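Chains F and G are the protein sequences, given in the same order. Residue numbers for the first sequence follow the numbering used here, beginning at 1 and rising by one. Residue numbers for the second sequence follow the numbering used here, beginning at 510 and rising by one.
To be clear, the hints were calculated from the coordinates, so they are not data collected in a lab. Bear in mind that the values here come from a model prediction, so they are computed numbers and not experimental data. Even for Gly, the Cβ is constructed at its ideal location relative to N, Cα and C. Treat the hints with caution; some may be incorrect.
[Said to hold, decoys possible] With a straight-line cut-off of 25 Å between C-alpha atoms, the simulated SDA-like cross-links for lysine to any residue are: (1) F:K138 - F:K153; (2) G:K869 - F:I366; (3) F:K247 - G:R934; (4) F:K42 - F:K71; (5) G:K869 - F:D251; (6) G:K639 - F:H286.
[To be verified] From chain G, some residues computed to sit far from chain F (all C-beta separations above 12 Å): (7) L536; (8) E616; (9) D663; (10) M676; (11) Q687; (12) K897.
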Amino acid sequence: MRATKSRCSIIVLPHLLSSSEVAVVEKLIEVGKPIEISELAKLIGISEQGLSSILELLKSKNIIEVIEESKVIGKVTEEGASYIESLPEERVCRLLQEVGGEAPVSEIKRSLGESIASIGIIWAIKRGWIKVEKGTAKLISFAPLDKHREILKMFLSEREVDKSIENDPVFQELVKRKLIEIRRVKQRFVRLIVSAEEARTLISKKAVSKLTHELLATGKWREVILKPFNLEALPPITYPGKRHFFKEFIDMIRDVMEDLGFEEIHDDYIIPELWNFDILFQAQDHPSRDIHDILIVEGYADISRFDDVIKRVRAVHEFGGSSGSTGWRYKWSLEKASRLMLRSHTTAVTARHLIGRNPPARLYIIGRVFRRDNPDPRHSPEFTNFDGVIMEEGFTFRKLLGLLSQILKAIGIEKFKFKPAYFPFTEPSVEGYAYVPGYGWIEVFGAGMFRPEVLEILGVKLPVGAWGMGVERLAMAVYGINDIRLLFSRDVEFVRRFPSVKKLYLTSP
Amino acid sequence: MPVVRVRPETLMRLTGINSIEALRHTLFNLKCESEVGEDGQLAIEVQSDRIDMFSVEGIAKAVRLYLGIDKPINIKLKGAPFKVYVKPPAKRPFIAVAAVTNVGLDEEKLRLLIEFQERLHNTFGRNRRKVAIGLHDLDKLPSAELEYKDVNIDETTMIPLHDFRRMSIRQVLESTEQGSLYGSIALNGNLHPAILSGGEVISLPPVINSDITRLSERTRNILIDVTGTDANAISIVLNSIIHALTFYGGEVLGAVIIYPDKAVLTPDLSSRIMRVDLSFVRYWLGIEGESSRIVDALMRMGYNVKTITHDYIDVEIPYYRGDILHQVDIVEDIAIGLGYENIGIEEIEPKPLIRKKLTKQAVISIVRDVLVGLGYVELNTLTLVPRKLAEDLGFNDVVSIVNAPSVEINALRSMLLQSIIQVLRNSQYIPQPVKVFEVGEVVVPCHECYNRWRNEVKVCWAIMDSETRFEEVHATLYALMSELGLAENLSLRPCNMSLFTEGRCANIFVADANIGFMGEVQPEKLEKIGILYPITLAELSIDSIFSVLANKIKPSLQT
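If we strip away everything but chain F, and leave its shape as in the complex, we get (with noise of 0.2 Å):
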């Protein structure tokens, strides 16, 4: 709902009335008396809700009141309807009068009934006209209630009680017996303030709120008056076509790695494990290969058209290759590094792009992984990683540690650290964490320098720094949004809503 703008400095100059406004006008001069609103939105033939809204305007504008009186509708309700002919207490002055003027209580009971037979006799004592001794009634006196059953009567159908009937205290007593119900209606009037002569003048002018090509075309519009916008009211929700924010951020991401020379690699989602773990000198059996971790997908790829890396990789899994490594130390599965699986880092393809890649080279890629999660506020079995590598000649992890440095500087984070850490297919290793202003440390990526092991499998010559970052995860820090699955949200009102502001966060910590 949207809040109602208080009203203020407009100023409305009374003369300049709408179509719709001079036909109230006109209707009510025509009608010459004050006039209740619904029948008054009969005779224009318009919707209640639509007048008043055009009688708030003319009130505005000094030229109409609205009055409201309130006034009391009454009506006799079922057990009113049925005492139309006589009134229980009636009927049990009449029966005694019939059996002689005194009879048994139990004996107008089993005549009239148990319940009229009680009302009455309780009424008929209140009255005087009966007494009740030992279970026997007796007549004293009785006089009919004429004027009970000709209001009653009145008030068959649904009228107004007017002044004289409501004070009555035979209504007084038949409302309160639940004979007649009442209810409080109110009713608004609306009359000229202005006399019918002034009226008359204030119409005769034609007010318009479109200039239209016709008005120009024409030279018309010099005989009206274009009426003043209404600052007033709110305009109908519009909303703006937009890029997506979580893509605006993987933008800027690109952007900055252009800059710094890097080139952009693709892949497919689907790829044999030799790329995802093997190229990486991750054993077979490493747990990051459990398939409670990964997402499979049936069959197995045809990688024998890459003898020369198949080769490699199992020198140096089974016994280190030539690298000067120990190697893993057991029997390298072809069939195990053939299958096929839904990648789950990015680094399976900076560093599949390395082989048989002369230097120098400098590649990222920003593209989507997947793992075995359920989602949840912190994870989503698909998410986004920035990864990228660099093979130049006399590069090292000082320089890693530099570039790594400028990535995060150039999109936005000023404060960072470095932490020693393991990854299988780099060393030294490194995460990184970064300090989002009013969020706190939150680990950004991890990064090494491949292992001569990795470097022996890809044919690589030169040292090759690499990282890989979760893009979600600085996302939802720098907006300021606590629940991943809102970056992949299915409501659309969600993206809608989100400020495009947000994004110049990233530059202003």
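Use these hints to put chain G onto chain F, whose structure you have.
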């Protein structure tokens, strides 16, 4: 990652550091994140490569070395009084045994030790499949002569840990909780590996120990057995346990393991010598370290330095470090020993990319600009979709996920519209019209691809309103194609897709290339998936548009 939980006072006592913040700072520099939980315990996240730090004692030792409180030392076997006769069990052929004296358990030490054991089982031991550990009160051991072999599960009996009944191995496997969890790992028909001492089963690896040698708060000396499928892995695990237990100053006793073809002495506490080339250190880390700084860093990480020359350093790898595969692992320890903050940073030179003008990203950018300009709201949806929804919409080519955790995410979309229709279904009660679009990737079958499926970049836009808005979707197509310079080659041809009402859809062609389709979603489909508002949509392949553009623009650039 494994988490070690310990009372802060305990760790402060073991390390001799009195400030929890100083302790946490040191742990941070040793790869470990930590926090004090609500229960007052310090939770330390240890890294899976350093199993020697899976124990509180191992952490304390690493901290003391790092701060220079302790110097690296070697330990030596104090004899090998145990003999283990092995008839290698088929599914679990290897065993290593050692004992540590004067451990002096108490309630807390016992609890930490059992937690350490479970941590090793769950991670490095691959849930006991690869490695399992048995811990025994040495003083309760029936005999120093042990056997390790497969036994008949019906003919052999034992008293399982924390029980008092003697039962057959079959009963142990079938009736105990441990038996149901781990009983199938090493079972081979009616045979199962067992360790016997004096003819009595003391352990049923990898399932359960015997109650006879149960550890208690009064245990002083501990016998360790480690069994598994990998001789190297069991040796590494045994050494990490010895490393923890010798923290209290006890001695290590070894065992001669007698296999049918050879005899082996366990544990192997010898320290390997590895050469670290100083040029490699500089080449890899980018530091100009004098040898003395590097030697200091090495010692702080527990290495004894044997030889220092101008070109290299020979270091002794501590017996408990099974994670050192290559000199690069020692180079990392040098970096950690120096402290990452002391390595400094060196920024790289930004290199201007020689940007190609026509990239897929550039096409995507135009597409997004046009759609946003025409009032469409961009979406960011999951590629994962429910298989049933795709099928209800008439698409049977989606890739199924074998081990999906729920039916809501058991397939990958083959069309963007599969994701977008889910969004529209959830957006029926917001102000209409709902105009949305997304540029994203889908996965489609690819018979000629080595991996059988390929990604395709697509764009889909859709309008949901109280009535069909075909003209607007159609107008959007023309606007978009004009911006891409393809309007004149655009043609619409009749389509035949079960998603759409017959005669109310079109295939979209640019010259002879089919780049997509558009149409009004058939009422029956809408009804089936629970949508009460008409939806009109278009879906185009950005990959196809890109190749059309690439072919079109290339010749003109050449002239």
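For this structure, which hints from the list above don't hold up?
-> 1, 7
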